[in-house]
Every structure is written in C-alpha cells, then in structure tokens.
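So the protein sequences, as listed, match chains A and B. Just so we're aligned: 26 in my numbering is position 26 of the first sequence, and the numbers increase by one with no gaps anywhere. Just so we're aligned: 42 in my numbering is position 42 of the second sequence, and the numbers increase by one with no gaps anywhere.
Check the hints yourself; a few may be wrong.
Short derived list, chain B residues pointing at chain A, Cβ under 7 Å [to be verified]:
id : residue
1  : N46
2  : Y55
3  : M186
To spell it out: a stretch of chain B is covered by chain A in this simulated footprint if at least three of its residues, at any positions, have a beta carbon under 8 Å from a beta carbon of chain A; those stretches are [to be verified]:
id : segment
4  : 58–69
5  : 115–124
6  : 218–229
Since the hints were made in silico from the structure, they are not lab data. Backbone N, C-alpha and C fix where the C-beta goes; we use that ideal spot for every residue, glycine too.
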Amino acid sequence: MMRARVAFAGAIHEAAPLERGRDEGRVRLADGRVLGEEEVVWLPPFDAGTVIALGLNYADHLKELAFKPQDEPLVFLKGPQTLLGHRGFTRRPTDVRFMHYECELAVIIGRRARRAARAQAMQHVAGYCIANDYAVRDYLENWYRPNLRAKNRDGATVLGPWLVDAGDVMQPANLNLRTYVNGKLTQQGNTRDLIFDIPYLIEYLSSFMTLNPGDVILTGTPEGVVNVVPGDEVICEIDGLGRLANTIVADAAYAR
Amino acid sequence: MLAAAWCDIRCDVAPFRLSGTVYGTLLNHSSALAALQGKLELPPYNAPPRAPVLYLKPRNTLAGCGETVQVPAAAAELEVGACLGIVIARTACNVPAARSLEHVAGFLLVNDVSIPHPDYYRPAVRYKARDGFCPIGPWVTAREAVANADALTIRTYVDGDLVQTMSTADLERSVARLLADVTEFMTLAPGDVLAAGAAAPAPRVRAGQTVAIESDALGRLVNPFAAAAA
Numbered sequence: 001m002m003r004a005r006v007a008f009a010g011a012i013h014e015a016a017p018l019e020r021g022r023d024e025g026r027v028r029l030a031d032g033r034v035l036g037e038e039e040v041v042w043l044p045p046f047d048a049g050t051v052i053a054l055g056l057n058y059a060d061h062l063k064e065l066a067f068k069p070q071d072e073p074l075v076f077l078k079g080p081q082t083l084l085g086h087r088g089f090t091r092r093p094t095d096v097r098f099m100h101y102e103c104e105l106a107v108i109i110g111r112r113a114r115r116a117a118r119a120q121a122m123q124h125v126a127g128y129c130i131a132n133d134y135a136v137r138d139y140l141e142n143w144y145r146p147n148l149r150a151k152n153r154d155g156a157t158v159l160g161p162w163l164v165d166a167g168d169v170m171q172p173a174n175l176n177l178r179t180y181v182n183g184k185l186t187q188q189g190n191t192r193d194l195i196f197d198i199p200y201l202i203e204y205l206s207s208f209m210t211l212n213p214g215d216v217i218l219t220g221t222p223e224g225v226v227n228v229v230p231g232d233e234v235i236c237e238i239d240g241l242g243r244l245a246n247t248i249v250a251d252a253a254y255a256r
Numbered sequence: 001m002l003a004a005a006w007c008d009i010r011c012d013v014a015p016f017r018l019s020g021t022v023y024g025t026l027l028n029h030s031s032a033l034a035a036l037q038g039k040l041e042l043p044p045y046n047a048p049p050r051a052p053v054l055y056l057k058p059r060n061t062l063a064g065c066g067e068t069v070q071v072p073a074a075a076a077e078l079e080v081g082a083c084l085g086i087v088i089a090r091t092a093c094n095v096p097a098a099r100s101l102e103h104v105a106g107f108l109l110v111n112d113v114s115i116p117h118p119d120y121y122r123p124a125v126r127y128k129a130r131d132g133f134c135p136i137g138p139w140v141t142a143r144e145a146v147a148n149a150d151a152l153t154i155r156t157y158v159d160g161d162l163v164q165t166m167s168t169a170d171l172e173r174s175v176a177r178l179l180a181d182v183t184e185f186m187t188l189a190p191g192d193v194l195a196a197g198a199a200a201p202a203p204r205v206r207a208g209q210t211v212a213i214e215s216d217a218l219g220r221l222v223n224p225f226a227a228a229a230a
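Make a model of the complete structure from these sequences and hints.
Given below as structure tokens:
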C-alpha cells in the first residue's frame, strides 16, 4: 500500500494514489474525495521520530568526494524542523556557491529495535520512502562533519511523496535511484551499491540506541550531485516509490 | 529517590511541556576550546570552528531526574557533560541576539553523557546517542526567575564529591548570541532544548556511582549510573 499525508480544506488527510486512466496523478483522500496533485499540500508521509542519516555510503559517491571507505558507518542525526513534504520549497542562501540535492532511500522503522540481529533486522521495517537530503557544502566544517549548519537546515530534508509498505517493496537492495534537475537526468545509482546495507545499518544502530516506530534511516546517496539554484525543480525518483519533487527558492522569499 | 520521566518535567511557563528535541553545542565553553589549543589548526580540523557546532541528543537518550543511566559493558567510564539547557518558548527563526531571549521560556540542567571519544571530526552518534544518555531536569525554571543566564555557576558532584565547577560566564557564545547564531540556520520550536556547552575536562563516572548536577537557580539533577545488563 502507498499512502501520503496531505493538507486539504482545513484538515490533514491520508491519501492514496490513483493510477489508472484519466485519474493518473490524482489522489483519493480517505474520506473519498478525489483531487489533483496540485490541489493538496503534501506533508512528510509519516510522523517522523529520530532522523538518522548516512554519509559516504555509496562507493561511487565516495570516489566523487575523494574519500576512503570507512570501517564504520558515518552517521549523523537531524532535527524535526528540517523535514519537508513533496512539492515543497527549499531555501538556498544567497552567499553560497555549492548546494546540492541527495536522492536517498529512506527506511522507516515500524517495530522497536534493540540489539536486532542482522537476520531479523528487516522485520523492524515498516516501509520506505524517497528522501532528498540537501547539503550546503560551503558550510561544511571539520567538526562533527557533516555539521548541522550544512545538513540540518530548515526544510532541507524532503520526504515522500508516499510511505510504501515494506511488503510491497520486494527488493529494497536493488532499487534504481534517479535525480532530474529541470528534467535533465543528473544522478543515478542503485541500492545494491550501498556500502552498509539496510540490515547492517539496523543491526549497527540498534546495537547502541533503541530504534522506535517512526524513526527513519536515510541510507545515503550515490554519485551525481550537482549545484542547484533558485528556480530549479529537483525530482528524485526511486523504483516503486514514486517521484519526489522540490523547488529551490531564493533568500528574498524569506525576507533575508 | 522518586524517578521522573523526562516528559513529566514540570514547566509552569509556556509552552508548558518539552518537545523532546534536544540539541547540544560542542566547544562553547572556553575551557573546552582551551583543551584543544594547538590542535585547532591541525588536521583533521584545519581551522577552529566558525559557526556553532551542534549535535542532537535524540529522544531515546532523554531521561528525567532520578532515572538510572546504563553504563555499557565496553566503557570503563563515561563523561559527564553538565550544561545549561535553554528551553524555547516561541518559534525562533533567524532572531537577532538583542531579541533572542524573548524566545526563551526558561532553563534547566542537562547532563550530556558521552563515552569518551578521541576526536571531534566525525559526528559522535555511537558515543553520545545511547539510550538514557541525556538526563534533563529537574524542572524548567522560568526565564524571569533567572537574573542572568550568563552568570550561572553549575556544579557537578560524583558520589557527593565536587568534581567540577563551571560558569556560564565563560561561554564563548553567550545565551543570546548562541540563539542568534543557531537560529540563523535552523529554527528552534517551542519546547526544544538547546544545551549551551559543557566545560573541559569532563568529569568521569563509573557504574555504581551517582552524579548530581546543580545550580542555585535551577535545582539539582541527580542520576545513578549502573552497569548495563550484558
């Protein structure tokens, strides 16, 4: 099942996709109303708890950044104010030279995990969604790198459009990821190239911290990150999970 | 001693409850920076920090006064990070320092517990985000009841022995300045807590000991430390 959370006409609703014939691209609210994608405001598709992100978790992206592989996952955490839904706007500060998207498979925890063994790890997964985990490279510093000023900015972690049940994703370790900027393909990868795969990450993380329902793991991004500027439309796509759209906007909209 | 869960921490001023989001600030006490003197310009850092260096203490780490902190079997000792916790009252986005205190509900004590780690180059999630590693409390003291948040003395005791005395007067960024510089890049929401930074060297605690952190204006945050079940 695929479900979204959308705001429409004064309330927040669960919504499902309509995919056939003339209804393609439209959504059905739980109360029966059928609406166009543009008529609703898309929110992150679930109530996120702790947001755990991975850096340098694709071999090709590592090469792109001239880094050597880690012996341990590079993990950082993000706060709730950075989350944003499908079709949202993300601010690019005027003074920066390099801000880029990162298309990632997001793994949502459904059942509490504490010291989960690899063989059982996938039983803790509720589902998946697409994440676009923006970074502002100008603000990287070598203190707890990647630091929050580069990676935890307001509205710079886009989730959605759908939460797709784990049971509907047959091969999470073989999903193609693609990013398009203004329609042009700029990033491509496959989750089979994750250095630390999903069961490993759940085993590793739950060895020292309890993973609770709603916690989400952003598994990292492959190569192909390019600079984006105000007006750019960035679409991240993952097999079976849909297309997650975002638009870059300038400081002026925020009175800065 | 009656243990209180963090979500029951008394907060008699708006927003009357904590959100569960707690951020910490690295190297914001002058003693913490001084401890790295001579290393700041060298690899892997290459330069002293420019903007505030933050990290999250996620919800699994939060504990209340009286709750027991589990010491992992692999760690002989843990570091005690006594900090002033700033509790947000009103959404704080890009607020100037001159106005930032208007966004503060009050203050509490934060014990930012860590497994000692060798450097600050990579995020220290495995060392700082373990279950129960962030006792907070004992309650939220309203901002109006604190004469000057930049002149608070915070004392740490291990089994009754005074092991550290630190003052918020020695923060690199004052409370108002820190809020301004943090909210320039990320919004703080009502009930969020921003820990203003611990002093160095961090006192150590072992399983079987009890840590008390106190400040005259803010009360006393007490937590026993016990060996985690293997």
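Hints the structure fails to honour: 6
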